[in-house]
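Student: Residue numbers (this note's numbering), protein chains in the order written: chain A, 1 to 363; chain B, 364 to 682.
A couple of the hints might just be wrong.
To be verified - Cβ-Cβ distance ranges computed for the label pairs, FRET-style:
1. B:I465 - A:A108: 37 to 43 Å
2. B:F486 - A:D193: 39 to 45 Å
3. A:R74 - B:P541: 53 to 59 Å
4. A:R74 - B:G518: 56 to 62 Å
Rather than coming from a laboratory, the hints here were simulated on the basis of the structure. Yeah, the Cβ is synthetic: ideal placement off N, Cα and C, and Gly gets one too.
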Amino acid sequence: MSTIQLKHLTKTFGDFTALKTMDLDIADGEFMALLGPSGCGKSTTMNMIAGMEEPTSGKILFGERDMAGVPMGRRGVGFVFQNYAIFTHMTVRQNLAYGPRMRGAAKAEIDRRVGAVAELLQLTPLLDRRADRLSVNILQRVAIGRSAIMEPAIFLLDEPLSNVDAAFRAVMRTELKQLQRQFRQTMVYVTHDQLEAMTMADRIAVMDHGVLQQVGTPLEVYNNPANVFVARFIGAPGMNLLKGRPAESDRGLVVDLGPLGVTPPLPDDLAASLRGARGEVLYGFRPEEVTLAQDGRGLAMPVTFVERIGARTVVHLGRGEGAVKAVFDNDVGLSIGQTAVVAPAASSVRVFDAASGVAMRAG
Amino acid sequence: MSAVTATISEDETGAARGRPALRDEGTRLGFRLTLPAQILVLFISAFPLLMQLYISVTDWSPLSGLGWWNAWDMWNSFANYTDLAADARFWSALKRTVIVMIVCVPAEFLLGLALATLFADDFPGKRIFYSILLMPMMVVPAVAGYMFFMLFQSGGPVNDILSVLSGTRVTVAWLSDPTLALIAVMIADIWQWTPLMFLILLAGLVGVPEDQVKAATLLGANSWQRFITIVLPKMKTIIIIALAIRVIENFKIFDTLYIMTGGGPGVATETISVYIYKVTTQDLIWGYVAAIALAILVVLSIVAVFAMKRMARARQVPA
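In isolation and in its complexed conformation, chain A is listed as follows (with noise of 0.2 Å):
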C-alpha cells in the first residue's frame, strides 16, 4: 500500500498537451477515479503512474519515493487492461503463477501464494481452465488476481468495464467494489463514464483536455461542481444552465433569463456571492431537483419531447440554448406541445460565471 502524489505532472507529445501541470494527492488505500471524456489526459496520467510513459516535466512519488527512471517491471504497480490481456493460452493457474515464476519464487511458494489468491477471488475451481474461455467478470478477476499475487502498492485499472454490456456492468462494478474492499489497496481507476466513477470511487479527479477540473468525493462534484464542464458532465442527464443576468426584484435577487422571465429568488448566501456581479451568468440546476409549480411562479417552457423510463420520466423542455431537462419520479402526465411551469428547488440552484465558466461560490 502506498500514496500516490503527482506533482505539476506535464505530458506533451510534440506540439500536443496531453496533460498541463497535474497536482493529485492519492491517498493509502483511497478508490480514486480518473474521470473525464476520451482525449481528456486521464489514461495518459496513468500510464505515466504505470510507468509505460515518462512524464514531460513534473514528478511521480509512490509515498516518499520517487518513481523517476524506475522501469515498469518495478514500480510495484498492478495494472488491470480494458481487455484484461490475460494469457489466452495458458489455463487460470499459469496466469496468476505468472508473476512469481517470472521472479524465480519457488515452487512450493508459487503453489502457496496461487492457492491463497484464487481462494479469495473464488477460482479455486476454475483454476486448471485455459484462460480463452472465461466469462468477463472471471477474466476480471483472473486480471485482478495476476496482479494482486505480486502485492503491488498500487493497482491501476484502465476502463476495465468498457467492453462489458450494460446490464453485466452493474455486477462488475459491485464486484470491484467489494475487491477493492477486500485487498485494501490504493486504486486508481479510469473511466469516461460517470456512474462508475460516482458508485465505485472515495474521490474523483475530473479531467477535460489535459487539465485536472476539480477534485472530491462523488457527492461533493455532484452537487458543487466547480465549474461548467464538470456540471455538465456529472449527473445523467448532466446539469441545466440557463444564460441570464442577476437583477433586483422585490422578492429578492433574481436571475432575468430574458425571454424565460426570471428565475425564482436566489437563496440568500447565493444571493450575496452574486450582488454587484455586473456580467453575464449561468443559472444551474439539477434536473432531479425541479418540482411542477402549481401557484405558476416559474419558468414556463414548452414540453417538446418526453422519456418514460419506468420508474422515471425525463422532460424535455424548450429549445436550443434555454432548453432543460427535468426528471420526475413519476409520470408527471405531460405531452409534447404543452407548457410547464417548473421550479428549481432552491437549494439545488449554482451559478456560474458565463465568460469563466467558474462556480460563484455561496458564503
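Go by the hints and put chain B onto chain A.
Tutor: The following block gives chain B in isolation, referenced to the frame of chain A:
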C-alpha cells in the same frame, strides 16, 4: 475480448444444434447443388494422381509406341516398387534431401525469426533494409543458381573474400568438392528462402497482442522471458505454417541446385528432384518415375497432415 466472442460463438453453435432437421436439409440440398462442380474438381485433382498410379505398375515409356492408356500391356506387377526399395541411388538421394532439409529449414527459421524480432521494433533505415532483405525472394531461382555458380567458382568472389580475410590466396574448388558443393548449395537455399521465413514470422510477430506483452512486462518478465512465455506461444500456428511450407518446398529443391552443380560432382548433390529429373530425361523409364513420385507424395502428405493437425489444434485456441 476473445473470450466474449468465444462465448457468443458457442451460443450460436448451441442454437444450430437446437434445430438439426433444418440444418441437415440445408446441407443436403447444398451438397446436391454443388455435386457437379465437386465431381469436376475431384476429377481434375485426382486424374493425374490416378494416371501416375496406373503407370507406376507398368514399364511404360513414351518411346514404347503405346498410348499411356494401353500401358497395362506392359504390366510388370510391382517391379518398379521393389526396384525402388533396392535402388541405392534413390536412397542416397533421399538421405541427401533430408540432410539439406535438416540444415536449411532450421537455419532459415532461426535467421528469419531473429530478423523478424529485429524488424518488429523501429530503427533508422528500417524500410530500406526491409526492401533489401526481401530481394533474394524475388530473384528467379534459376538466376540465383547462376549467381551462386559464379560466386563459388574457384577464382570467384567467395574465394576472393576468404583470401582477403585470411591473408593468403584461397582457391577452394567449391563446386568440385563433394562436401563443399553440398554446403554451397545449402547456402544458396538459405540465402534465397530466409526472406520468406522472415516475412511470415514478422506477420506473426506483429500479430502478438501488445497488451499481453505489456502485462507480462508489468508482472516483471524480462525481454527474454516475454519472448519465451508470450511471443513464441502466440506465434505457434504461424511457425507451424512457415515450417511446413519450407519443409515441403525444400524437399523439392531443384532449380538453383541443378544450375549450380547439376547434382554433381558425381551424385554428391543429387537430391530426389534431381534424381527424378535425370531418370525421366536420360533413362526415360516413366513407370519407374511414377513410382518414385508416388513414394515422395506419400512422405510429403504425412508432413502436410501432421502440420494441418497441429494447426487445427492451435486454431481452437485463439491468440
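Student: Does 53 to 59 Å hold as the CB distance between R74 of chain A and P541 of chain B, or does it fail?
Tutor: 57 Å, holds
Student: If I claimed the Cβ atoms of R74 of chain A and G518 of chain B lie 56 to 62 Å apart, would that claim hold in this structure?
Tutor: For G518 of chain B against R74 of chain A, whose Cβ atoms are near 59 Å apart, the range 56 to 62 Å holds.
Student: Could you check the hint for me, namely that I465 of chain B and A108 of chain A are 37 to 43 Å apart, CB to CB?
Tutor: 41 Å, holds
Student: CB of F486 of chain B to CB of D193 of chain A, is that within 39 to 45 Å?
Tutor: Holds - the Cβ-Cβ distance for F486 of chain B and D193 of chain A, about 40 Å, lies within 39 to 45 Å.
When each numbered hint is compared with the structure, no violation occurs for any of them.
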